[in-house]
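2 protein chains.
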Amino acid sequence: MTDPLQPGATIGILGGGQLGRMLSVAASRLGFKTHIFEPGANPPAGDVAHMVTTAPYEDEAALAAFAASVDVITYEFENIPTAALDVLEQHRPIRPGREALRVSQDRLTEKAFLQDLGLQTAPFADIPDQVALDAALAEIGAPAILKTRRFGYDGKGQARIMTAEDAAPALASLAGAPAILEGFVNFTHEASVIAARSPSGEVACFDPGENVHRDGILHTTTVPARLSQSQRMDAVLMAAKILNALDYVGVMGVELFVTPKGLVVNEIAPRVHNSGHWTQNGCAVDQFEQHIRAVVSWPLGDGQRHSDVVMENLIGDDVIRIPELARERDCALHLYGKADAKPGRKMGHINRVIRAQK
Amino acid sequence: MTDPLQPGATIGILGGGQLGRMLSVAASRLGFKTHIFEPGANPPAGDVAHMVTTAPYEDEAALAAFAASVDVITYEFENIPTAALDVLEQHRPIRPGREALRVSQDRLTEKAFLQDLGLQTAPFADIPDQVALDAALAEIGAPAILKTRRFGYDGKGQARIMTAEDAAPALASLAGAPAILEGFVNFTHEASVIAARSPSGEVACFDPGENVHRDGILHTTTVPARLSQSQRMDAVLMAAKILNALDYVGVMGVELFVTPKGLVVNEIAPRVHNSGHWTQNGCAVDQFEQHIRAVVSWPLGDGQRHSDVVMENLIGDDVIRIPELARERDCALHLYGKADAKPGRKMGHINRVIRAQK
Numbered sequence: 001m002t003d004p005l006q007p008g009a010t011i012g013i014l015g016g017g018q019l020g021r022m023l024s025v026a027a028s029r030l031g032f033k034t035h036i037f038e039p040g041a042n043p044p045a046g047d048v049a050h051m052v053t054t055a056p057y058e059d060e061a062a063l064a065a066f067a068a069s070v071d072v073i074t075y076e077f078e079n080i081p082t083a084a085l086d087v088l089e090q091h092r093p094i095r096p097g098r099e100a101l102r103v104s105q106d107r108l109t110e111k112a113f114l115q116d117l118g119l120q121t122a123p124f125a126d127i128p129d130q131v132a133l134d135a136a137l138a139e140i141g142a143p144a145i146l147k148t149r150r151f152g153y154d155g156k157g158q159a160r161i162m163t164a165e166d167a168a169p170a171l172a173s174l175a176g177a178p179a180i181l182e183g184f185v186n187f188t189h190e191a192s193v194i195a196a197r198s199p200s201g202e203v204a205c206f207d208p209g210e211n212v213h214r215d216g217i218l219h220t221t222t223v224p225a226r227l228s229q230s231q232r233m234d235a236v237l238m239a240a241k242i243l244n245a246l247d248y249v250g251v252m253g254v255e256l257f258v259t260p261k262g263l264v265v266n267e268i269a270p271r272v273h274n275s276g277h278w279t280q281n282g283c284a285v286d287q288f289e290q291h292i293r294a295v296v297s298w299p300l301g302d303g304q305r306h307s308d309v310v311m312e313n314l315i316g317d318d319v320i321r322i323p324e325l326a327r328e329r330d331c332a333l334h335l336y337g338k339a340d341a342k343p344g345r346k347m348g349h350i351n352r353v354i355r356a357q358k
Numbered sequence: 001m002t003d004p005l006q007p008g009a010t011i012g013i014l015g016g017g018q019l020g021r022m023l024s025v026a027a028s029r030l031g032f033k034t035h036i037f038e039p040g041a042n043p044p045a046g047d048v049a050h051m052v053t054t055a056p057y058e059d060e061a062a063l064a065a066f067a068a069s070v071d072v073i074t075y076e077f078e079n080i081p082t083a084a085l086d087v088l089e090q091h092r093p094i095r096p097g098r099e100a101l102r103v104s105q106d107r108l109t110e111k112a113f114l115q116d117l118g119l120q121t122a123p124f125a126d127i128p129d130q131v132a133l134d135a136a137l138a139e140i141g142a143p144a145i146l147k148t149r150r151f152g153y154d155g156k157g158q159a160r161i162m163t164a165e166d167a168a169p170a171l172a173s174l175a176g177a178p179a180i181l182e183g184f185v186n187f188t189h190e191a192s193v194i195a196a197r198s199p200s201g202e203v204a205c206f207d208p209g210e211n212v213h214r215d216g217i218l219h220t221t222t223v224p225a226r227l228s229q230s231q232r233m234d235a236v237l238m239a240a241k242i243l244n245a246l247d248y249v250g251v252m253g254v255e256l257f258v259t260p261k262g263l264v265v266n267e268i269a270p271r272v273h274n275s276g277h278w279t280q281n282g283c284a285v286d287q288f289e290q291h292i293r294a295v296v297s298w299p300l301g302d303g304q305r306h307s308d309v310v311m312e313n314l315i316g317d318d319v320i321r322i323p324e325l326a327r328e329r330d331c332a333l334h335l336y337g338k339a340d341a342k343p344g345r346k347m348g349h350i351n352r353v354i355r356a357q358k
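If you're matching them up, the sequences are chains F and S in order.
Numbering-wise (UniProt numbering), the first sequence opens with residue 1 and increments by one.
Numbering-wise (UniProt numbering), the second sequence opens with residue 1 and increments by one.
These are computed hints drawn from the structure, not numbers from a lab.
Remember, it's a predicted structure, so these values are computed and weren't measured experimentally.
It cannot be assumed that every hint is accurate.
Any copy will do: because identical chains look the same in the list, a pair fits if it lies in one copy or spans two.
Listed below are the simulated SDA-like cross-link pairs for lysine to any residue, each with C-alpha atoms no more than 20 Å apart in a straight line [stated by the list, open to error]:
no., residue 1, residue 2
1, 342, 320
2, 346, 6
3, 156, 90
4, 342, 8
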């Protein structure tokens, strides 16, 4: 499928969280319907979707029926079981493609892929066992961070190693999951590029945002980021290199460490990304619509920013600030319709639009 | 109900067209669900709603079940049958209230209401029959325009009278419907104010837009409008006067003629308005969210504009321009998901964002 899909077509989305929700809204702006596939009941994306299938990823009949009902399939998260993808791709194209998922589902594969492209990453080593961990620590040095190769997000599945004594308990905390050791990168700040690529190979990037994390979760993204003109150019070229190497279709988030020795790739996410939420109030075409445009073979937006924005995540109890935030000038609320404000749970975000002084 | 509704509550929307669709999306941004009531099958709003009821306005059981499933009721069009409102309001509050509907459903009542407030309108006369029409034409003069008192929109239910000879055929064309004769206003251009009022009486207005019509249908809205500072102030004060007089809750569109003798009210619409679509890409809180905020008793956005915008409607065959528009820089597409591009049918709109020169 490289012909553009026409308005009225249906986009299947794997995952019904806030990213699926905002993808669904973006699809509606282009006249498309969406069908959400999500194991959990009452998914946030279901409030704004044409259809919802509630079924586990092991339900092959449900997967096949879902695939048959849509024109193209995309996803909001990278940890989709391989067997489910095998079923789905028999029926409809999956965008972004399998290669992007294969690479980004495994931290070790991802790091090796980036290194092969000539991009800087944190020093890393495969950690099959304690012997390997000791050897890697001796080479990389502490502090370092031990991570599961798969299924980590928002700081989960990670253990810091400050001294050699932390090594054994850190490995034990991962309960035998395949792991990778990553050395610390001495960075001044973090940035990310939200990049998109169309089936025809067209690439467009939004301006890099500067990210601040709290407790391992993104707290704010500020656009523009503190980057020199050449760093900006580097960031875009690096993102384009990654997308082209994967023959990628869709939006990708590329997280970067800004260091005195250049930009270091932290990780890549083959989907719309929290650090791209600012685009909803800063660009005519936001990252969600950009992803949909790529997936349906439409022309990409050029990523042009009309306003500066500071995005702030609303996590857990932050919901008590909503009445106050609703009164704030130039503050755009984006709530996800989740029932329970559990600690660490992303409940929404705000985009503060910085108006140009005229 | 004056306590704010909490995220997770459900907003009932009467009418499933593009306005209901965009209201539903705005509700989702604040964490609300929506339930659409619409007689027609496959309504555009249904693609982005939590629930849809397909039933005629005469189905009292369906109306009652719909009302019982929601926390508050609003609407996207003013011509809701009175009997349906009688059923609905037994269950849940309807916002904006009945008085706004009573006044705006009838051109004669509306004109008299505006005149009573001391606002300028076109000269007008009640036209029960040919005798009244002849007398009114003698007083108001030709050219004039004969309109049905109820159920007119986008230039429908209207007949121009250029000379006295047009009078009889014009009256015949309305097929006995109660009518009003309106004199022509000598205006330089048209503007509109999108105003909002909360249950507590807070009023907020967006900057006036300048409207250009083609074939009786809105073609473009440009913001800012060509208005002097005092005209801008007048426009806002007039809108506030109207909203306060109706004890109004929600967003209203107030259409104005700009004349050398001041601003003349053309008509009012007790709902979000086509001439307010620019706010989607010009403000942190757009007219759809503003309406939802009023309806659920949340604080209103202040109407601040961060960018200048030119909105253009896509009517009928304009859909063939979509691929080209999708390539245009700073152009935000908003398509309504309608299947057939019939002549005169509103298929979508674009907002061209005018970036500030830095």
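Hints and how they fare:
With identical chains, the CA atoms of residue 342 and residue 320 are at most 20 Å apart within one copy only, with a shortest distance of 12 Å there and 47 Å across copies. In this assembly of identical chains, residue 346 and residue 6 lie within 20 Å of each other by CA distance solely across copies; the values are 17 Å between and 33 Å within a copy. Taking identical chains as interchangeable, the C-alpha atoms of residue 156 and residue 90 are never at most 20 Å apart, the minima being 33 Å within one chain and 51 Å between chains. In this assembly of identical chains, residue 342 and residue 8 lie within 20 Å of each other by CA distance solely across copies; the values are 15 Å between and 37 Å within a copy.
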